[in-house]
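Line by line, the protein sequences are chains Y and C.
Under numbering that gives the first Met the number 0, the first residue of the first sequence carries the number 0, and numbering increases by one thereafter.
Under numbering that gives the first Met the number 0, the first residue of the second sequence carries the number 0, and numbering increases by one thereafter.
Zero decoy hints are in this set.
Footprint (simulated), chain Y over chain C, 3 or more residues, beta carbon under 8 Å:
hint, region
1, 7–21
2, 43–57
3, 388–398
4, 413–423
By construction, these hints were calculated from the structure, which means they are not laboratory data.
A virtual CB, placed ideally from N, CA and C, is assigned to each residue, including glycine.
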Amino acid sequence: MTVNFRAYPNLYKDSVSLMTVSAQVMAVPGIEAASVVMASATNVENLAAAGLGTFDVKPNDLLVAVSGTEEACDAALAKADELLKASARDGGSSETGATQPVTSLQMAVAKDPAANFALISVPGDYAAAEAMKALHLGMDVMVFSDNVPVASELALKHYADAQGLMVMGPDCGTAIVNGIPLGFANVVRRGPIGVVGASGTGTQEVTVRIHQLGSGVSQALGTGGHDLSEAIGGISMLHGLKALDEDPMTEVIVLISKPPAAEIAAKVLGLAEASAKPVVAIFLGADPATITRNGVHGAAYLAQAADMAVGLLKGGKSGTGTITIKPEQRRKLEDIARGMAAGQTFVRGVFCGGTFCFEAQLIHAAAGHTGHSNAPTEGNGKLADIRKSIGNTILDMGDDEFTQGRPHPMIDPSLRDARVRDEAADPSTAVVLFDVVLGYGATLDPISGLIGVIGNAASKAKAQGRKVAFIGHVCGTDQDPQNRAAIIQSLQSAGVMVASSNAEAAVWSAAILSARQGAAA
Amino acid sequence: MKSLFERDMSVINVGLQSFADNVAAAGGTVTNLAWVPPAGADAALGWTLAGLVGDPRIEAANRIAYDRYLAAQPRLIDLILAREAMPGLSGDNRRILHSGPPIAWADMCGPQQGAIAGAIVYEGWADTIPAAEAMAAAGEVTLEPCHHHGAVGPMAGIISPSMPVWVVENAEAGNRAFCNLNEGLGKVLRFGANSPEVLDRLTWLGTEFFGVMQAAVRGLEDKNLKPMMAQALHMGDELHNRNAAASALLFKRLVLSLGKLDLDSDAVNRALTFIAGNDHFFLNISMAASKSMSDAAHGVPGSSMVTVMARNGVNFGIRLSGTGEQWFQAPANPVDGLYFPGYSVADAAADLGDSAITETNGLGGFAMAASPAIVQFVGGTPADATANSRRMLTITLGANPAFTLPPLNFGGTPAGVDARLVVDSGVLPIINTGIAHRKAGVGQIGAGITTAPMECFNDAIAALAVSLDAIPMPEGATT
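Produce the complete structure using the sequences and hints provided.
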């Protein structure tokens, strides 16, 4: 086996572009391992650890390292070269010299003085600096990037707050501002409901549901996952809440977060209570009764938050706040449970959305079905080896442990698909529970791999005398770039029970587990 | 954030290209950056830089510095001996000035050592070149940068007390700048040559030629340089590597001045013949004019405007208006150029000379669009030249309306490099340059373009950030 590499001095590409090139280089026959990365200290260490050699390079160099047969290595380096050069031409300077590549925020503002919003998704080491520049230039900012130091986040938010600007993020996955989707966002009708969310997929679920219920969203603001920590103090959440309170288009406000520290929660809810507009608040995992106060309506689950917000618009009623299973559906679930083989006991959740994984765990735990996760909620255990599920296991496939050096499963679902295959093959699995996330940012083809996996798994299980229940939920709207109706139909044709919300899918799954326990007892 | 709800949103996307595509697909306005990590991927310095972007203290200081620069009116007022021009070279001072940032004799490149030895003999401090070298090595002659004395010199940049220097005065502020005489091409002191032929020419320049030229300059009817330089830009000069037009324009004025004087006609004839035979004659005046304009902008606390770029054949050094006398140095970048037959990159000295003061002043590489005649010499097309000038506009505080460029629709030359913009964008100042042989005395072996090294600007930004601690924020501003 040969190891070979090529360095490109001062050639910068974003990580998604690099992973795209990586994937194509990996596909060259005879290649064992390939890596196309910026030569940061960490990346260079990782390459050395992976046996791809040691390199004398600078952080701004692009590095292609491959191992495999000698011929394959040559072919792979040539392939990488071709791909990297092709993209350089696309973005390169024009022959006439009339255009210049715009490489910095300051250059962009010089070119377009009307620029008023910066969307930042560069690596975490650099993201805070770009955000600070954008703020200094008077822009509101969304930082999609994660791994930004807390001190930097705090500095950004203090400065922004003093200037009347907002920093969404770091680690803000989604937002819809003035109807424009930012990051991973769905195409949602504009309307009277304003959302501020600390959770990306949580916000997606709520906005999508509002759309499905016939209403629309004025603004969906993100705060990032760390905003409601004690260190940050909810600066962005409070700013967003105030902005929506003053926004004439917004009639009802929805707040979404995991339970914040008590002091922060009090501050946020106090401000919500002071608003003349009705506020629906969900602190996932917290008892709604602890949230509810005058003008503030606590919700337990994401879908409920949307239902309550739309209800408040219509007749001043906030909805029931519970998820019920219709009798015919309950019968169907019990039938399925009865048809399973002995030993089929557990749920295996394989999620792209972190908040969906979180909510599914909560719902299962509430029904008495605790277990394990790589991102466990209270009452669940941390999985020792993320590759091996134990008992009830509900996984967040978008977590760092799975996405190291790989695209997020919303962008490339192949890892998720493989995990669904493995879980369905386990004789102790009763239910395979998953989400499909649509919208901008997500792959245009989220299920063709999954449909194949489910088909194979079902026939394999059948041959072994088992019947696995596949339960899914599609987070998206009929206006998303993917075709939601066709996706649901394909899933149903493949034997998947498609729920209308993540919470409903989890409730169905828990019902099957309970029925299986009953059968065993 | 609320005010954004009431306006049309215009997004700048920094990072994943697909996010920009999505905004556009949804009907939004978006600019996608071809982002590169700033500050050479030094994240900590990048954070420091972010704090300086839009800082009201820097913005205010830059406005002052840039306005002073634009207001400068360089006038060619005299030709006098260096010892009369600069107190540091007066009296019994055995001091010789060189180009670039400070450097010890032992560390100097060949051409600079050769030129210093030649100047020591020219001054009569030693009889032979080896004796002069020993003298310099023993520290018996003080060696200092031209820039420490308000002067500039091309290539080796040697100025000794008995050499004539042009005196350019900024009529607006009264500051003066000096530059030595251009000796022509071939075996010349500025490339390190120090043979008797070279020293004889220096002697003639310092005596007969000096006498004629001093009278001619003093008698000039129009001493203003800015309009003449502007005209030369429209005649194909960029006033660094091409000075053919400006030299001819100056020649006309000098002839008119000499016509009114009753000087020895043979001496006048020799002087005019010498000037007529040297298309680079104006370079040294262009440099002194540039120095006087850049100096006008120097010394404004908090300003990130670059006021000096200079090379000593080893290091490239810059100064900022706001960081006083500090130099920020790094090894010079290689020159991308064409070599005269028989020479190659292996023969080349590192980038050398104070002539990058022209780029500091918005000329030379920055004004490349003006000079299609020499773009092939520096390895490009007229389109590249225009692109270079446009690119420099992205790292400057503005464009100088006094120096316009026809190919840029008569837009001004990019002027006043903002170190913040360089570090942020990774766009480096372009320098047009001659290439010296690394051995003393061989002379020019090619020409090309190079860039100022990023490390200078990184260090300058770090120092500027520290200097800001001493400057109070204007009322109502937040850090």
